[in-house]
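J.: With the sequences and hints as input, model every part of the structure.
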Amino acid sequence: MSYFTEIYHGVKTLLTGMRVTGRYFITSGKSAITQQYPDNRASLKMFDRFRGEVVMLHDENNEHSCTGCQKCELACPNGSIEIIWDRGVDPETGKKKKFIDKHIYHLGMCTQCGLCVQACPSNAIVWAQKFRKTRSTTEPS
Amino acid sequence: MLTSSLLFIPSLHDFLFSLLPPGLAKGAEMVLVGIIYLTIFAVAGLFLVLLERKVAARFQLRLGPNRVGYGGSMQTLADALKLLSKELTGTVRADKFLFNLAPYFVIITALMALAVLPFSQSMQVFDINIGLFFLIALSSVGVIGILLAGWGSNNKYAMIGAMRSGVQTISYELSVGLSLVTMVLLAGSLQLSQIVEVQKSGWLIVQGHIPALIAFMIFMIAGTAETNRAPFDLVEAESELGAGFHTEYSGMKFAYFFLAEFINMFIIAAIAVIVFFGAWLSPFGITESLPWLGVFWFLGKTFLVVLLMMWFRWTFPRLRVDQLLTLEWKYLLPLNLANLVLMAVTVWLNLTIQF
Amino acid sequence: METATIAPPIKSEEYFINMGPQHPATHGVLRLLLTLDGEIIKKVEPDLGYIHRSIEKMCERNSYQQIIHLTDRLDYLSSHINNEAVCLAVEAALGVEVPERVKVVRTILDELIRISSHCLWWGVMGMDLGALTSYFYAFRDREMINDIFEETCGARLTMNYNVPGGLMHDIHPNFVARTREFLAHFKTKLPEYDRLLTDNVIFQKRTKGVGVLSRQDAIAFGASGPVGRASGYSCDVRVHHPYSALPKVTFKEALRTEGDSFARYQVRIQEMWESVAIIEQLIDAIPEGPHQVATDAVIKLPKGEFYQKVETARGELGVFIISTGTKNPYRLKFRSPGFSNLSLLNHIAVGGKIGDLVATMATLDLVIPDIDR
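So the sequence lines, in the order shown, correspond to chains A, P and B.
Numbering follows the UniProt record's numbering, with no gaps: position 122 of the first sequence is 122.
Numbering follows the UniProt record's numbering, with no gaps: position 193 of the second sequence is 193.
Numbering follows the UniProt record's numbering, with no gaps: position 227 of the third sequence is 227.
Be careful, since some hints might not be right.
As the list claims (entries may be wrong) - Only pairs whose alpha carbons sit at most 20 Å apart, straight line, appear in this in silico DMTMM-like list of lysine to aspartate or glutamate:
1. K98/A <-> D86/A
2. K45/A <-> E150/B
3. K353/B <-> E238/P
4. K42/B <-> D322/P
5. K353/B <-> D322/P
6. K205/B <-> E6/A
7. K156/P <-> E14/B
8. K133/A <-> E150/B
9. K208/B <-> D322/P
10. K130/A <-> E151/B
Hint data in this document are derived by calculation from the structure and do not stem from the laboratory.
T.: Dropping the structure here:
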């Protein structure tokens, strides 16, 4: 007898499983969970904390607030940030001061850990939400 | 005596015979029919692959192919063209002859089975009087192709897959055969056109009620196993054997295996429709006055059975090889034999339902 | 009396097969050298090191803040818990007491990532056994957790949200609402998981009695996490050495005694329920307060040895730091759960079939970067 109860239970569980997938088959026409990525590029918005790449903020006068303190360079575990700096004379106070020459960010080495943005005392660098780092040759940059 | 005749589209038959001497006309007809069936094979294969992908996508909350053509309708055609253009690779110490022979074995058996299917009253190439037996026999020839592929590839994964396939097909043939024999008891003929004729007084699944329903369930399980589809896809168990017996095949040779798998699924579904659901007969004879609609009824019913097989595939986990054999020898076979007796009693006592 | 008529048994030859390093069932670049007799497994020899990145050595040249982001890359499915392990070790060494808010948020995120990891495991387990649909259902639910992480931490997998002394930022304003939404959603979907796979007769036949690990062997091999608990070895670090906000919550340790693949499966399913329960206890009452206590810009650990263990989704992760008083550790050793869990594979897989090995591998839930480091 247990032979038949076994068959009955087996078939029952199989049909239960089929009911789960069958329900989705009927109802999933519109509720597909996939995103149509290249098509929804216009409407796709990343979360504001999303770590895409490190950028240096520039205001309307194309000026940034980086002081060249090198804290981000020190904080970075991978050496993705390089700061080339020079010493010069501050025109206002006449004292000697560190000036930033160039802030180089190597995206290829970056692991998006966020330590540099945390370390920056003057909020000069922030995270940009850009995640797409390539472009096809047929589309404008 | 064989009552073999080329019944396919009678007007074409008459036209050719009026135009050409009989010998030539016969030859021309054969070639023509061959080309038509090859086309059906390719189109049906491509359509079924697309259908499978779309159906799978719906089961899995995805969208499926939707880039090539309208709604992805040209996707499989593009895939086939890609496969056509690919290099045919092989392993170094493979048995080249068997390796190249295997895909043709698989594809030719699938094609041969197509020939006896009654798509409609007049659309049947080869109405052999042992039609059902012929189909069962053909389904066992296909496995030779898989075994050859596994052996010829000189690859252990392929070999394991092929041996599994051998074991599986030999076992499940019994169930396919016996469940069909059960229905033959009811229909009283092996000839497919006769089986359909019998069903004019009710489809066999209605005529045979309980034993026919059991036979149908067994046939669906065994048929799914026969075509090596999930949950019986041990032959190409992706997570165990990579790609199984066709690991080493590329390009069009791989495509032959792939298409043959889908055509085999179509054939199993078609047999189920012929034997259980009245082939091209419309339900309650609603379109009896329009015989050419039979094709649509046949394909429509087959489509529903194919959908059922896809539903199986996208729901169930795969069995292990010993459980596969346990299922066959300990469950399906005894049930089948008991069912055969039950059906015999039903027919003997005239308990069938007939309209 | 011997009879000479008995035919000699048919001689079969053992053969060898390479499973991996690129194989769908090894989930990454693990290579298994299988010795088979037909379908039956005679020996399994794991071959490691295909993605060894010498993370432990890299830790020695990095400061303590920088080490944390490397731990994301160990077991990337429970990266937040890995981060926390290092943070807890450093905080304990420094004698820093983190605010209550930090503890609660850390624990919530721990449990969220545990659910996420188990979701992925569930989907992949189904896929290994041939039921491909489970994968997509699991990823649908996992996607919501990933969104929570992305919104609050800024990344979906390697979030690096912990810093010594607290959290990198405060939680996002949407965090609580999103988590509640997820819990409500997930509680309706978990029974569906059961209906689709757990109860399925084929699934049960595939997993019951497969890869049986006794309690004694579990302890001997150093098994931890769901693998150990399925064998009846109560080894949940959250119960025995609670950390962060765990002392405040009540939950049941998922324990089974069978030790087979199905028991391991059930333990993980139950853990998902327990994780939901833990989050529900904490989410409504996240204490107000700072999200960080100030630490020195250059953290120097006092001279000595420090050990901290946490429960990741895979088991017990231990962080052992030897400090000489400088800003870098002298030596840092991770005791990763995957490594010990892999070591018992040969013990439990021998005698099974290839299909059993796949089921066993799936329930061991190995993450290869965790093993190779």
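J.: Hint by hint, say whether it matches the structure.
T.: Hint check:
Restraint check for K98/A and D86/A: satisfied, since their Cα atoms lie roughly 6 Å apart, inside the 20 Å limit. Straight-line distance between C-alpha atoms of K45/A and E150/B comes to about 12 Å, which keeps the hinted pair within the 20 Å bound. Between the alpha carbons of K353/B and E238/P the distance comes to roughly 15 Å, so the proposed pair stays at or under 20 Å and holds. Using a Cα cut-off of 20 Å, the hinted pair K42/B and D322/P holds, with the two alpha carbons roughly 17 Å apart.
Between K353/B and D322/P, the direct Cα distance comes to roughly 9 Å. Compliance with the 20 Å bound is thereby established for this hinted pair. A distance of roughly 12 Å separates the Cα atoms of K205/B and E6/A; the hinted pair therefore holds under the 20 Å criterion. Restraint check: the Cα-Cα separation between K156/P and E14/B comes to about 12 Å, which is no more than 20 Å; the hinted pair holds. For the hint linking K133/A to E150/B, the alpha-carbon distance of about 19 Å falls within 20 Å, and the restraint holds.
Between K208/B and D322/P the CA atoms are separated by roughly 14 Å; this keeps the pair inside 20 Å, and the hint holds. For the suggested pair K130/A and E151/B, the alpha carbons sit about 15 Å apart, so the restraint of at most 20 Å is met.
The structure shown violates none of the earlier numbered hints.
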